[in-house]
Structures are given as C-alpha cells and as structure tokens.
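*Asks:* As they're listed, the protein sequences go chains U and Y. Take 447 as the starting number for the first sequence in the working numbering and just add one per residue. Take 1153 as the starting number for the second sequence in the working numbering and just add one per residue.
Honestly, the hints are just simulated from the structure, not real lab data. Ideal Cβ placement from N, Cα and C applies to all residues, glycine included. It is possible that part of the hints are untrue.
[To be verified] Subject to a maximum C-alpha distance of 30 Å in a straight line, what follows is the list of computed DSS-like cross-link-like pairs (lysine-lysine):
{"hint": "1", "chain 1": "Y", "residue 1": "K1184", "chain 2": "Y", "residue 2": "K1406"}
{"hint": "2", "chain 1": "U", "residue 1": "K449", "chain 2": "Y", "residue 2": "K1423"}
{"hint": "3", "chain 1": "Y", "residue 1": "K1219", "chain 2": "U", "residue 2": "K531"}
{"hint": "4", "chain 1": "Y", "residue 1": "K1217", "chain 2": "U", "residue 2": "K527"}
{"hint": "5", "chain 1": "Y", "residue 1": "K1219", "chain 2": "U", "residue 2": "K526"}
{"hint": "6", "chain 1": "U", "residue 1": "K449", "chain 2": "U", "residue 2": "K527"}
{"hint": "7", "chain 1": "U", "residue 1": "K449", "chain 2": "Y", "residue 2": "K1184"}
{"hint": "8", "chain 1": "U", "residue 1": "K550", "chain 2": "U", "residue 2": "K468"}
{"hint": "9", "chain 1": "Y", "residue 1": "K1453", "chain 2": "Y", "residue 2": "K1407"}
{"hint": "10", "chain 1": "U", "residue 1": "K550", "chain 2": "U", "residue 2": "K449"}
{"hint": "11", "chain 1": "U", "residue 1": "K550", "chain 2": "U", "residue 2": "K523"}
{"hint": "12", "chain 1": "Y", "residue 1": "K1180", "chain 2": "U", "residue 2": "K449"}
{"hint": "13", "chain 1": "U", "residue 1": "K550", "chain 2": "U", "residue 2": "K526"}
{"hint": "14", "chain 1": "U", "residue 1": "K551", "chain 2": "U", "residue 2": "K574"}
{"hint": "15", "chain 1": "U", "residue 1": "K523", "chain 2": "U", "residue 2": "K551"}
{"hint": "16", "chain 1": "Y", "residue 1": "K1423", "chain 2": "U", "residue 2": "K580"}
{"hint": "17", "chain 1": "U", "residue 1": "K580", "chain 2": "U", "residue 2": "K449"}
{"hint": "18", "chain 1": "Y", "residue 1": "K1219", "chain 2": "Y", "residue 2": "K1180"}
{"hint": "19", "chain 1": "Y", "residue 1": "K1397", "chain 2": "Y", "residue 2": "K1217"}
{"hint": "20", "chain 1": "Y", "residue 1": "K1219", "chain 2": "U", "residue 2": "K523"}
{"hint": "21", "chain 1": "Y", "residue 1": "K1453", "chain 2": "U", "residue 2": "K449"}
{"hint": "22", "chain 1": "U", "residue 1": "K527", "chain 2": "U", "residue 2": "K574"}
{"hint": "23", "chain 1": "Y", "residue 1": "K1184", "chain 2": "Y", "residue 2": "K1423"}
{"hint": "24", "chain 1": "Y", "residue 1": "K1219", "chain 2": "U", "residue 2": "K527"}
{"hint": "25", "chain 1": "U", "residue 1": "K551", "chain 2": "U", "residue 2": "K526"}
{"hint": "26", "chain 1": "Y", "residue 1": "K1450", "chain 2": "U", "residue 2": "K449"}
{"hint": "27", "chain 1": "U", "residue 1": "K580", "chain 2": "Y", "residue 2": "K1180"}
{"hint": "28", "chain 1": "U", "residue 1": "K550", "chain 2": "U", "residue 2": "K531"}
{"hint": "29", "chain 1": "U", "residue 1": "K468", "chain 2": "U", "residue 2": "K574"}
{"hint": "30", "chain 1": "Y", "residue 1": "K1423", "chain 2": "U", "residue 2": "K574"}
{"hint": "31", "chain 1": "U", "residue 1": "K574", "chain 2": "U", "residue 2": "K526"}
{"hint": "32", "chain 1": "Y", "residue 1": "K1219", "chain 2": "Y", "residue 2": "K1397"}
{"hint": "33", "chain 1": "Y", "residue 1": "K1432", "chain 2": "U", "residue 2": "K449"}
{"hint": "34", "chain 1": "U", "residue 1": "K468", "chain 2": "U", "residue 2": "K531"}
{"hint": "35", "chain 1": "Y", "residue 1": "K1180", "chain 2": "Y", "residue 2": "K1453"}
[To be verified] Distance windows between CB atoms, simulated:
{"hint": "36", "chain 1": "U", "residue 1": "V469", "chain 2": "Y", "residue 2": "I1442", "range": "48 to 58 Å"}
{"hint": "37", "chain 1": "Y", "residue 1": "K1453", "chain 2": "U", "residue 2": "T562", "range": "45 to 55 Å"}
{"hint": "38", "chain 1": "U", "residue 1": "L460", "chain 2": "Y", "residue 2": "L1339", "range": "23 to 33 Å"}
{"hint": "39", "chain 1": "U", "residue 1": "S547", "chain 2": "Y", "residue 2": "F1183", "range": "48 to 58 Å"}
{"hint": "40", "chain 1": "Y", "residue 1": "H1440", "chain 2": "U", "residue 2": "T562", "range": "52 to 62 Å"}
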Amino acid sequence: MDKPFRILIAKPGLDGHDRGAKVIVRALRDAGFEVIYTGIRQTPEMIVAAALQEDVDAVGLSLLSGAHLTLFPEICKQLKKRGLKDVLVIGGGIIPDEDASALKKAGVDRVFGPGTPLQAIVDYLNEKLRVASKS
Amino acid sequence: MRAGEHAAASRALSLVIDEDEASEILAKDFFKSAGTVQKLGVSGPPGAGKSTLTGRLIGYYRSQKLKVGVLAVDPSSSISGGAFLGDRLRIMEHATDPGVFIRSLASRGMIGGLTHTIFGAIHVLEAMGCDKIIVETVGTGQDEVDIASVVDTVLYVTTPAMGDEIQAMKAGAMEIGDIFVVNKADLSGRDKAVSDLKSALGLGQSAGQAAKAWEPPVVATSALSGEGVPDLAVALDGHWDHLRKSGEGRERLKKQHATELQFWVHRHVLKNALGRVTDKLLEDLLGHRIDPASLGRKLIKN
Chain U
447 MDKPFRILIA KPGLDGHDRG AKVIVRALRD AGFEVIYTGI RQTPEMIVAA
497 ALQEDVDAVG LSLLSGAHLT LFPEICKQLK KRGLKDVLVI GGGIIPDEDA
547 SALKKAGVDR VFGPGTPLQA IVDYLNEKLR VASKS
Chain Y
1153 MRAGEHAAAS RALSLVIDED EASEILAKDF FKSAGTVQKL GVSGPPGAGK
1203 STLTGRLIGY YRSQKLKVGV LAVDPSSSIS GGAFLGDRLR IMEHATDPGV
1253 FIRSLASRGM IGGLTHTIFG AIHVLEAMGC DKIIVETVGT GQDEVDIASV
1303 VDTVLYVTTP AMGDEIQAMK AGAMEIGDIF VVNKADLSGR DKAVSDLKSA
1353 LGLGQSAGQA AKAWEPPVVA TSALSGEGVP DLAVALDGHW DHLRKSGEGR
1403 ERLKKQHATE LQFWVHRHVL KNALGRVTDK LLEDLLGHRI DPASLGRKLI
1453 KN
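Sequences and hints are given; from them, build the entire structure.
*Replies:* This is the structure we're talking about:
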C-alpha cells in the first residue's frame, strides 16, 4: 500500500465559518488522505509551524472573509522561508476569480470556489501529488 | 537533528514512519538515546478531554523550561486508508513554541490503535532532545493495553459523566493505568467519580492482584481551567522517581524494547513472507494442492 498523502487544512485570520473546511476534511479522509485540521483563527506562523512539524504534502487554506490577498501570499512566503517550497498550496472559500492569478503568482496553485465538486478537488490533489512524489 | 531543529526532526520522523530504507541507519543512531527521558501515555475513552489535558501539561512543562515532544495517534479508516488527525487542533496554542514538537500520526492499519512505527518515532523525539514525551492515543477500550507496552507512565483519563464506565471499569484499563485522571472536574459528580475510581482500584488490590509498589493516584483536573494540572504533574514526577529508584523502570524499559523487537520482526516477516503470496499460490490452496501451514513454512524459510 502506498503511503497516504498528508494535507493540512487551516483557516487563517479571523474567519470562524468552518463548515466548508470540515466538509473538505471529511471528503479528503474518505478519499484516503491523512488530514490534519488545525481549526480556526490561525496565524500564518501557526500554520507554517504545523506544516513543518507534520511534514505535509499539501496545505489547504480556507477563507471566507475576503482577506485572502493578504494572508495567502504571506503564508506561501513563510512556507518558502522555512524550506517548505515543495508543499502544494491550494485555497478555498469566497475568493473572486479575478484574484486567482495574483494568488497563483504568490504560490497558491489552485483556488476552489463554493460549489466545486469534492471529487474535483480530490482528483486534482491526487494527480499533482503523485507527480510530485515521483520527481 | 540532535540540536533540536524542527525541520530535521520532521524529516527524520517521516523517514521512520514511512519505513524508508534510509531510516534503518538513522534508527540505529537514534536508539542510543532510548530510555533517557519519561514517556507519558495519555489514554482513555473518546470525549474525556485527553487532547486539551495534554495541552495543559505541555504548558506546565514549558513553564518549567522543559522541552516537550508529542505524538498524537488517531485511527486510519480501514476502508479508505485515510485519517482525520484532529488532536493537534486542541493544542494549537503551542504551535509556534520552538520548545514543543507535535506530530500527528495515523494508525495505518495497526490493530490496537498504535502504529507499529511508534517506537521509531519516539526514538526520534528522544534523540532530538525532548525532556518529556507524550503519546496520545484514542481509547476504545482495547487499545489501552497496548499503550502500556510503549510508555513509562500511563494516564487513564475519564470524566464524571462517565460514571457507569468507571463502575464497570474495563479490566485492561484498571491494570495498566499508573495515574487515573478525572477530567472536567467542573462537572457535577466529580467527587463521586473520584471515590468510585479509588474504590474500584482498591478492589483490584484486594481481589488477589499482587501488591503493587506504586499505588495509582486519582487526580481531578479541569483541562479547561487548568485546575489540578500542577497536582497531576507532581504525580507524574512521582511515578518517574519511583520507576528510577525501584527496579521497575528498568523492567518496563526491557518490556518496551521487547515489544519494539516484536513489532519489527512481525512487520518484516509479514513484508517478506506475505509479500510473496501470489494469486497462483492462493489458487493452489483452493485446489488443496498445498495447505496453509506448509505454504506458510515455505514462505518464511525463503
């Protein structure tokens, strides 16, 4: 059995709406991922420290409060600073399409808006992480 | 890694847990630090507040300038192979403290709730210089027996709301707990729960169990408020003292190494022998051309 992929799901900032994140956590677990959920009100430092200690393959950031252009790039920057440049970063929540390319430049590989089928997220992660683990 | 660097420790843990070939060389070195510091096991039924209590203990040890390493184990789904590792969630206040290292582990199919790589993971924490190591496991009533073969001091955590549990007290938990904690002490029924536990423990003694040199204390705590945590720490230190002063510490460590050896041999026999079971061999069994014992012996020999 191949070892499962490990993903950290975190909610940075002050947004407390965690239902979506919890749905993702369950879906990923049912798809064979080891999911570490760090809950709400996380600072970038806390998220990056957790990603480091848990040696995750990916980080999923959930945000509905509109602060994604500030928080997501900051988290990507800190991940790189701590040597975690190979960790795949994805985002979800209320994120306008027009911000996706700015986020991509900052290091967020994909953004999944509300209504994205869970299977699409699972397939994307499996595909990207399988490629990454081969290299 | 021996300097306590988190990045190095994290990589080392992954190599050991994923059973990477490189890990065996590292494991040999890490083992040199085995048995040097106290390992606590936090066990008990779901909902007892184990994670929150662990968080409080970490806080207490940090106030004493001690470095803490935590392994939080949660079960993997036998269907999907995935896991929800949610213990870290309750101890995020220590996330950025460089003196605290927390790793969440999935059981990855190991029966008993503990992954067979738990020993390797513990040795990584020992080698990186942790002063206290905490292993937190899910307690479903049968796993507790396993945690006792891995750590030095077992904490069994219940709450006043679990009164019936305490009354019926599963034999396994009663025998392996070194310290019993009644958490959520702010709930009503706390005093009754404490006295029920104490009498249940006393019954065990009089019912013919050999007189123990260590009498497991019952401590009431409220992980939310922090009440009782210093008393718990004192009890934990007391047990560690007892282990070191009596011969029991050495005996326990011997049992831990025996269990680690058992896990390793078991795992490698499985990998080597069963890894070579082909469908053709299974068909041979179906066709009665060979029997399981003869086939098994063949596989082990080669």
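*Asks:* Is K1219(Y) within 30 Å of K1180(Y), Cα to Cα?
*Replies:* 23 Å, holds
*Asks:* Against the range 48 to 58 Å, how does the distance between the Cβ atoms of S547(U) and F1183(Y) compare: consistent or not?
*Replies:* 50 Å, holds
*Asks:* For a C-alpha distance cap of 30 Å, please report whether K468(U) and K531(U) respect it.
*Replies:* 26 Å, holds
*Asks:* Sort out whether K527(U) lies within 30 Å of K1217(Y), counting only the CA atoms.
*Replies:* 27 Å, holds
*Asks:* Are K551(U) and K526(U) close enough, with their CA atoms no more than 30 Å apart?
*Replies:* 13 Å, holds
*Asks:* Are K1184(Y) and K1406(Y) close enough, with their CA atoms no more than 30 Å apart?
*Replies:* 14 Å, holds
*Asks:* So if I understand the rule, the pair passes when the alpha-carbon distance is 30 Å or less; does K551(U) with K574(U) pass?
*Replies:* 18 Å, holds
*Asks:* Would the hint linking K1180(Y) and K1453(Y) be met if the CA-CA limit is 30 Å?
*Replies:* 26 Å, holds
*Asks:* Are the Cα atoms of K550(U) and K531(U) separated by 30 Å or less?
*Replies:* 14 Å, holds
*Asks:* Does the structure keep K449(U) and K1423(Y) at a Cα separation of 30 Å or less?
*Replies:* Cα-Cα ~15 Å, so holds.
*Asks:* If you draw a straight line from the CA of K449(U) to the CA of K527(U), is it 30 Å or shorter?
*Replies:* 27 Å, holds
*Asks:* For the pair we were handed, K550(U) and K449(U), check the Cα-Cα distance against 30 Å.
*Replies:* 28 Å, holds
Hint compliance for this structure: every hint is met.
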